[in-house]
Amino acid sequence: MSTFDRRQFMQLAGVGGVVFVSGLGKPALAADTTSGSASEDFFFVQLSDCHWGFEGPPNPDARGTLPKAVAAVNALAQAPDFVIFTGDLTHTTDDPQERRKRLKEFRDIAAGLQVKTVRFIPGEHDAALDKGKAFKEFFGAMNYTFDHKGVHFIVLDNVSDPGAQLGDEQLAWLADDLKKQAQDARIVVFAHRPLFDLYPQWDWATRDGARAVDLLMPHANVTVFYGHIHQEHHHMTGHIAHHSAKSLIFALPVAGSQPKRTPLPWDPAQPYRGLGFREVTAETKAAEYLIVELPVQKA
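For the sequence shown, UniProt numbering gives the first residue as 1, with consecutive numbering after it.
Don't read these hints as lab results, they were simulated from the structure.
Please note: incorrect hints may appear among the correct ones.
[Unchecked claim] With a straight-line Cα cutoff of 16 Å, these simulated EDC-like cross-link-like pairs (lysine to aspartate or glutamate) come out:
hint, residue 1, residue 2
1, Lys-101, Glu-137
2, Lys-131, Asp-95
3, Lys-101, Asp-130
4, Lys-298, Asp-61
5, Lys-104, Glu-137
6, Lys-136, Asp-176
7, Lys-131, Asp-94
8, Lys-68, Glu-40
9, Lys-101, Asp-161
10, Lys-131, Asp-176
11, Lys-136, Glu-124
12, Lys-131, Asp-161
13, Lys-133, Glu-98
14, Lys-180, Asp-147
15, Lys-298, Asp-267
Please put together the full structure from these sequences, using the hints given.
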C-alpha cells in the first residue's frame, strides 16, 4: 500500500471502485452512522458501478469482482463505520422482472458485508427506466441525509429523472437542508453522476448540477464523491473537491480520448486493470483527506 507525506496529502485533498476513509492516529471504533456526535476521525467504504447482471467482454470475471470486493472489505483489520454504494448497482435491463432479480441478487451479495450499516444510492442503470420504482422497493429512499461523528452527509439522486437532472423539488430540499448547516460544517456529498460538466457528450454531467454546486459553495468544507465514469478523476469547482470512483466491472476511457464511450478492453496480462479501490484517510477536525488507489487482486 502506498502512502503520502503530509504535504502530498494536502495537495491531493485540495484538488472516489471502493473508497476508504479512516482517522489519522488512533483508530475510532465503528459506530451508529445516524449519530451526530462530536468530531472524531472515522472510517467508511465507498463502492461504485458494480453493474451486477453484466456479462461478457471486457470482464471475463463479471460475476466475481463484486464478491471479491466484499471479501476485501471483510478482510480489513478494522471494520469500517459504514459502507455506501454510489450507483449502478446493477446493469440495465428493459425487463422489470429481470431488473428486480438483479437488484435482489445484488442485495444478497452486499448483505455479506460484515459491517453495521450499508447504504445505497441508484445509478441510471438501476433507476432511469422506471424512475427508481424497483430500486426503492429494495433499498428505500434515493436522496437523504445522515450525520456521523461531526460530518453531515448528503445523498443526491441525479439519475431517476429522465432528463438526467436533480430537479426543482430535490434542489429545494437540498437548499432547505443546507440552511440548517453552519458555513464551516463538514459536508460530504454522494452522487452517481458528476455534478459538474465533465463531458456532457458522454452523459458525464448533471444538467442542473451547477445549481447544486452553487448551493454548496457558501460552505467552506465540502467534498463530493461520485461514480459513473468508471475511472479515477479529481476536479475542483472553487474550493469544492470532486473525486470519482473506479468501477468494479470495467474501465471507461478518458473523456474525449476516443470517438465513443466504449469500455476499455480486458488485458489478460494485467487482469482487473482499471478496476479497484482506494483508501482515503480523513481527519475530520481539519476536513482533510488522503486518497490511495488500490487494485483489485486476482483471487
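Worksheet item: What hints, given by number in increasing order, does this structure fail?
Response: 6, 8, 9 and 10
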